[in-house]
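Asks: Protein chains in written order, with the working numbering: chain A, 9 to 630; chain B, 111 to 202.
I should point out that these hints are in silico values taken from the structure, not numbers from a laboratory.
Quick caveat, the model's predicted, so the values are computed rather than measured.
Ideal Cβ placement from N, Cα and C applies to all residues, glycine included.
There may be inaccurate statements among the hints.
[Unchecked claim] Restraint ranges, calculated between C-beta atoms of paired labels, are given here:
#1 T133/B to E187/A: 30 to 38 angstroms
#2 L151/B to V297/A: 29 to 37 angstroms
#3 V492/A to E123/B: 28 to 36 angstroms
#4 E156/B to K135/A: 53 to 61 angstroms
#5 T306/A to E123/B: 30 to 38 angstroms
#6 K487/A to R124/B: 20 to 28 angstroms
Residue-level listing of the chains:
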Amino acid sequence: MSWSRKLLRVDLARGTCTSEALNMDWAREYLGQRGLATKYLSEEIDPQVDPLSPDNELIFATGPLTGTTAGTAGRYSVITKGALTGAIACSNSGGLFGAELKKAGWDMVIFQGRAPKPVYLLLRDDKAELLPADALWGRTVWETERRIRKQHGDPHMKIASIGGAGEQQVLYASVINDEYRAAGRSGVGAVMGSKQLKAVAVKGTGKVPVRDAAKFREVTAATRKLLEENPVTSEALPTYGTNVLMNIINESGGLPTRNATDVQFEGASKISGEAMRDMVREDGQTNLVHREPCFSCTIGCGRVSRILRTHFSVKDRPEYWGDSGGLEYESAWALGAATGVEDLEALTFCNFLCNEHGMDTITFGSTVGAAMELFQVGALSEAQVGYPLRFGDAHALVRITEETAKGIGFGKEMGLGSRRLCERYGHPDLSMTVKGQEFPAYDGRALQGMGLEYATSNRGACHVRGYTVSSEILGVPEKTDPLVHEGKAGLVKAFQDMTAVVDSAGLCLFSTFAWGLPEISIQLEADSEGDFSVDNLSRIGERIWNLEREFNLAAGLTGKDDTLPKRLLKEAARTGPAKGHVSRLDVMLPEYYELRGWSPTGVPGTETLERLGVKTLYPTAA
Amino acid sequence: MRIKLKLFAMLTERLPPGSVDHTTELEVPEGATARQVVERLHIPPELASLALVDGVHLTRRQFAERTLHEGETLAIFPPIAGGSRPAPALLP
Numbered sequence: 009m010s011w012s013r014k015l016l017r018v019d020l021a022r023g024t025c026t027s028e029a030l031n032m033d034w035a036r037e038y039l040g041q042r043g044l045a046t047k048y049l050s051e052e053i054d055p056q057v058d059p060l061s062p063d064n065e066l067i068f069a070t071g072p073l074t075g076t077t078a079g080t081a082g083r084y085s086v087i088t089k090g091a092l093t094g095a096i097a098c099s100n101s102g103g104l105f106g107a108e109l110k111k112a113g114w115d116m117v118i119f120q121g122r123a124p125k126p127v128y129l130l131l132r133d134d135k136a137e138l139l140p141a142d143a144l145w146g147r148t149v150w151e152t153e154r155r156i157r158k159q160h161g162d163p164h165m166k167i168a169s170i171g172g173a174g175e176q177q178v179l180y181a182s183v184i185n186d187e188y189r190a191a192g193r194s195g196v197g198a199v200m201g202s203k204q205l206k207a208v209a210v211k212g213t214g215k216v217p218v219r220d221a222a223k224f225r226e227v228t229a230a231t232r233k234l235l236e237e238n239p240v241t242s243e244a245l246p247t248y249g250t251n252v253l254m255n256i257i258n259e260s261g262g263l264p265t266r267n268a269t270d271v272q273f274e275g276a277s278k279i280s281g282e283a284m285r286d287m288v289r290e291d292g293q294t295n296l297v298h299r300e301p302c303f304s305c306t307i308g309c310g311r312v313s314r315i316l317r318t319h320f321s322v323k324d325r326p327e328y329w330g331d332s333g334g335l336e337y338e339s340a341w342a343l344g345a346a347t348g349v350e351d352l353e354a355l356t357f358c359n360f361l362c363n364e365h366g367m368d369t370i371t372f373g374s375t376v377g378a379a380m381e382l383f384q385v386g387a388l389s390e391a392q393v394g395y396p397l398r399f400g401d402a403h404a405l406v407r408i409t410e411e412t413a414k415g416i417g418f419g420k421e422m423g424l425g426s427r428r429l430c431e432r433y434g435h436p437d438l439s440m441t442v443k444g445q446e447f448p449a450y451d452g453r454a455l456q457g458m459g460l461e462y463a464t465s466n467r468g469a470c471h472v473r474g475y476t477v478s479s480e481i482l483g484v485p486e487k488t489d490p491l492v493h494e495g496k497a498g499l500v501k502a503f504q505d506m507t508a509v510v511d512s513a514g515l516c517l518f519s520t521f522a523w524g525l526p527e528i529s530i531q532l533e534a535d536s537e538g539d540f541s542v543d544n545l546s547r548i549g550e551r552i553w554n555l556e557r558e559f560n561l562a563a564g565l566t567g568k569d570d571t572l573p574k575r576l577l578k579e580a581a582r583t584g585p586a587k588g589h590v591s592r593l594d595v596m597l598p599e600y601y602e603l604r605g606w607s608p609t610g611v612p613g614t615e616t617l618e619r620l621g622v623k624t625l626y627p628t629a630a
Numbered sequence: 111m112r113i114k115l116k117l118f119a120m121l122t123e124r125l126p127p128g129s130v131d132h133t134t135e136l137e138v139p140e141g142a143t144a145r146q147v148v149e150r151l152h153i154p155p156e157l158a159s160l161a162l163v164d165g166v167h168l169t170r171r172q173f174a175e176r177t178l179h180e181g182e183t184l185a186i187f188p189p190i191a192g193g194s195r196p197a198p199a200l201l202p
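Between the sequences and the hints, there should be enough to build the whole structure, so can you do that?
Replies: As structure tokens, then:
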């Protein structure tokens with residue numbers, strides 16, 4: 009029942025909004041959100057389309073649990089062909105927007121074509137209209153949210169929008185909702201910008217119905233209790249946020265530092281979750297002001313921070329003295345360790361700017377790290393950048409962030425992402441990317457499973473497609489040795505398939521610190537009609553993974569794209585427990601293909617696709 | 111002998127005043143194990159969810175049995191992750 013059973017199709021070229029019945033056969037096979045929207049996308053566009061052309065589609069999608077009272081059920085995703093990668097893109101976000109979209113009665117919104125002039129979509133429950141956005145175009149995310157709410161006299165309207173980065177089609181532009189929640193990766197904001205779609209504003213007043221209300225209350229109470237009893241979801245994440253990982257990953261020797269030339273950062277503790285919460289500044293305050301949960305979440309890992317007013321980045325700019333979204337672990341890593349900058353206030357300011365202008369912190373920070381190494385090796389000069397761009401220089405970091413956000417100076421080139429930037433300056437190997445997307449805050453030499461995960465992730469290098477850190481470092485559900493490559497192929501596959509289910513159900517990945525598929529299964533069974541047994545959910549996860557793979561192959565990617573930056577394969581880690589280690593992708597990848605039922609070149613076999621009921625998109629499948 | 115001790119997250123408050131970067135130096139008896147060091151600081155061993163010596167993770171058995179050596183760094187993390195309840199469907 010808790011699918012709304014309808015989607016909104018928006019033809020931007022014609023300016024029309026049409027309600028359509030949801031394909032329930034597909035919903036049963038692909039669940040919702042990530043899986044179901046990928047199914048629609050793969051049926052409706054040519055995978056070889058230019059991501060920034062009108063022929064690409066952009067889908068905002070919720071899952072069957074989104075907007076219900078299940079714990080962490082506030083997620084939505086933006087699905088498209090990625091501007092940064094040319095691969096399938098699915099960027100997932102929390103906050104309040106996703107639940108509002110569902111309460112307005114929509115499972116998903118599909119945007120087609122390109123608007124002749126800037127527009128935004130206004131949804132008031134089932135009433136949908138496209139409105140002119142000329143007065144919003146050129147405005148930041150924060151201004152856009154304020155203006156739309158004021159325009160409609162509704163301070164509680166939920167809004168997802170792009171800033172200047174998306175408008176200028178910075179290839180890693182994000183879609184930002186609720187001021188600082190991001191559908192961050194793969195350039196979904198650039199696709200939105202290419203369509204001249206500035207924002208989606210939603211007011212939803214309905215309730216999300218469930219199949220068996222009494223049973224649903226019972227099982228969600230039980231599963232919420234698990235979140236409340238688990239030390240991670242009840243204490244560590246609420247207290248320190250995701251940035252509690254900074255010290256442990258650094259101690260484990262897996263923190264890519266200065267564009268992954270090192271695996272440990274001497275400044276890690278200064279930019280950690282502990283520092284945000286506990287380090288008292290000269291104004292007697294801490295960086296962290298309070299925590300902020302997403303819709304229906306008891307964990308509340310979100311951070312709200314305030315920058316020290318006397319800090320160089322904001323001392324003459326009172327507009328940044330207020331509270332806004334604080335650093336997540338990946339952002340603190342990208343803006344900090346990857347660039348060698350240990351100034352927590354500077355990182356917080358750059359994080360504010362990325363949210364305000366709509367840029368993915370991971371790709372942006374990693375691109376700064378790559379540019380700093382280009383500068384260090386002499387491939388980029390001070391004359392070209394306009395100033396010295398040295399590792400560890402907080403002033404240079406702040407300056408280049410502002411230039412990139414505003415599309416001025418050397419910032420214009422930074423908008424390309426590290427792969428294109430490093431190619432342009434003659435050092436493609438200095439880009440820490442897979443399939444064009446920068447890898448995040450775990451080094452594949454020190455965490456062998458994460459190396460394989462980056463190489464095989466369908467949306468390009470990513471930690472949240474199969475978070476083996478959970479096992480390799482944190483011991484959930486079972487501790488495995490991060491330096492050992494044996495057994496990691498199976499671990500990666502299991503995490504990838506399970507995560508596809510979590511992302512398609514409307515839940516937050518962090519729930520899996522306390523829940524496995526059995527807990528998700530009982531909630532879905534009380535919520536919706538269909539077979540949500542653990543066995544079937546496992547099959548759904550694997551089906552989604554294979555469909556995404558088919559899309560990528562049809563888009564022109566091959567098994568040769570399942571690789572890692574040369575640095576991780578050839579240059580051994582220099583310190584810590586991983587000293588002397590490189591990624592053993594050469595051993596893990598063939599085993600992974602075999603476990604997936606794919607050919608030695610990474611093409612899903614006919615038997616595999618038939619078993620899962622996935623339509624072949626790639627004509628030469630074995 | 112002297113070792114370095116690092117305490118993180120919720121254990122940070124147990125560090126002596128003046129500790130820098132979560133680290134303090136500690137005099138411990140020769141042959142002390144990681145568990146004995148933790149107990150000496152009145153930290154319940156179950157709160158030492160993850161223990162690393164010079165970055166290498168200790169198993170629960172190594173935590174109880176491995177002796178520390180002069181100059182080594184013992185890092186202790188409380189349960190910042192480490193499911194109290196396993197997720198059986200996660201593993202193949």
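Asks: Which of the numbered hints are not met once you compare them with the structure shown?
Replies: Per hint list: single violation, 5.
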